[in-house]
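J.: All chains, please: the whole structure from these sequences, using the hints.
Sequential numbering of the sequence shown, starting at 1, is according to my numbering.
Accuracy of the hints is not assured; some may be wrong.
[Stated by the list, open to error] Label-pair ranges, simulated between beta-carbon atoms:
1. Glu322 <-> Leu140: 18 to 28 Å
2. Ile111 <-> Leu452: 33 to 43 Å
3. Thr325 <-> Arg461: 18 to 28 Å
4. Phe210 <-> Ala132: 26 to 36 Å
5. Ile274 <-> Ala129: 19 to 29 Å
6. Ala129 <-> Leu346: 19 to 29 Å
7. Gln158 <-> Leu329: 26 to 36 Å
Calculated from the structure, these hints are not laboratory results. Glycine included, every Cβ here is placed at the ideal spot set by N, Cα and C.
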Amino acid sequence: MYKGAGGGSVGSPCRLFKKKNTNYEGMLTMKLGILKSESTNKAIISSMTLSLIAKMLVFIQSMVVSYAFGTQKSTDILWYVMSLIVLLTTLVSSINQQVLVPAVISIRNNISEEDSKRFITYIYMVYFAIGAIGAFLLFLSPANTLGMLSKFEICDIQANIDIVRFVIPTFFLIILNSFMLDIFTSYRYFTLPMLLEMIKSILTIIFVVFLQDSFAVTSQAIGIFCGNLVQFLILNILLITVVKCRFSFKRYKIEGKVRKNIFYVVLGQVTTFIKGFLIMYLLSGFNAGVYTAMEYGQKINAIVISVIIGQISTVVGINIIEQFTKGKLEELNRTFQKYLKTSLFLIMPFCFMMALNAEPTISILFERGKFDRNAALLTAGFFQYFILILPLKLMDTFIVRLIIAKQIQRISFLWHIGENLIMLPVVWVMINRLGYYGYPFGLLLSTGIYILLLFLFMVRRQFEYIDSISILKFSAVNIIL
1 MYKGAGGGSV
11 GSPCRLFKKK
21 NTNYEGMLTM
31 KLGILKSEST
41 NKAIISSMTL
51 SLIAKMLVFI
61 QSMVVSYAFG
71 TQKSTDILWY
81 VMSLIVLLTT
91 LVSSINQQVL
101 VPAVISIRNN
111 ISEEDSKRFI
121 TYIYMVYFAI
131 GAIGAFLLFL
141 SPANTLGMLS
151 KFEICDIQAN
161 IDIVRFVIPT
171 FFLIILNSFM
181 LDIFTSYRYF
191 TLPMLLEMIK
201 SILTIIFVVF
211 LQDSFAVTSQ
221 AIGIFCGNLV
231 QFLILNILLI
241 TVVKCRFSFK
251 RYKIEGKVRK
261 NIFYVVLGQV
271 TTFIKGFLIM
281 YLLSGFNAGV
291 YTAMEYGQKI
301 NAIVISVIIG
311 QISTVVGINI
321 IEQFTKGKLE
331 ELNRTFQKYL
341 KTSLFLIMPF
351 CFMMALNAEP
361 TISILFERGK
371 FDRNAALLTA
381 GFFQYFILIL
391 PLKLMDTFIV
401 RLIIAKQIQR
411 ISFLWHIGEN
421 LIMLPVVWVM
431 INRLGYYGYP
441 FGLLLSTGIY
451 ILLLFLFMVR
461 RQFEYIDSIS
471 ILKFSAVNII
481 L
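T.: Here you go:
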């Protein structure tokens, strides 16, 4: 024991360090508490506000990239590879949101906080191993692998091989980042993902602006990789200091019900992957710039989906899980009806107006630099169909939250297969009949059929306390008006 100048005990250096470290962690936790929302309405408002800012940065990023590179074969390859990565990581997100996050909440509430942390750590290590092995295998022969998975010429892939090499490790990072973000959402840190999204967008913009002359489209791939790397480092630090997780290879025994639900989610997502991949494969065979234009049309729509649908459904979804587990079914119905109808009332007129004004909207936003008139018209054609799907996506997302609460993945899996069995042939026929615009039109048509069947049959049977007919009538009236 050390003595101070006056002879008093000041403690060992280890204790002093531990005390300082504890104080640091406490300050960090207190600062992050600002991002934590207890009230549903407050969470929705704060999440949507920050999400709007984050997506504005994503939008600015798209404008910078379109100005710098326009639509060309290099951008087609970048967006195609990123779409493949997103398709793969969608499986991870589905497992996280539909099975693992409810399991974490259940373990935390019914067993202990420490058990939930051990569960989180175990799943983290599983994802780490899967991501590392997957990235390593892709690095062995990236050009030949992409050649087999697309209609791009090998010479075009070889000319842009650096883009592919930067996207591969991004795949590893996205898998782990999506899991950690979902874990923080379960702790009600709803605004944290938006703050990290801002950092990613800013880094991508910086890399494109300063490196475009030297690295061309590869500069964007570098920016995307660095943005995800920074997010990965920040999330790991927060996982250790705030959630107090301690990484370990010790196995955690997962309940049979959780394993079964993961199995059904994976099976359901396999059909989604096949559908998504076949559509992407067809679109990669069109002229240079078509895939990029489709991607921009989807991106603008995705910004609206993320800001409005993503934040509302995430916040309300946590409430739905809590109300279901407590048996408050009438209250759950009121929550479901209130937020879904309010959202539809606001979104549907907006979507119709945007569809009618797709061409001038895209021209004003993007038609500058290397993004010429033809690219703007091409993108507008995709966008006007994509934006009309948004209300249907909102309804689907709310139903998914009910499924997550009840944990009926087997039934959800069967309906998911049904969705893909409807969607794939419709989209396939439309692409062959109408060309590349057949994709968004077929998607709109098949999604509408699926949502109608979902409310009429699945929701009415599995969630009899939800007034599904009232929602369908409300939607029909809004379409007519």
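J.: Take the hints in turn and mark each one as holding or not.
T.: Okay, the hints, checked on the actual structure:
no. : hint                          : result
1   : Glu322 <-> Leu140: 18 to 28 Å : 46 Å, violated
2   : Ile111 <-> Leu452: 33 to 43 Å : 41 Å, holds
3   : Thr325 <-> Arg461: 18 to 28 Å : 21 Å, holds
4   : Phe210 <-> Ala132: 26 to 36 Å : 31 Å, holds
5   : Ile274 <-> Ala129: 19 to 29 Å : 25 Å, holds
6   : Ala129 <-> Leu346: 19 to 29 Å : 44 Å, violated
7   : Gln158 <-> Leu329: 26 to 36 Å : 59 Å, violated
The structure fails to meet hints 1, 6 and 7 from the earlier list, while all remaining hints are met.
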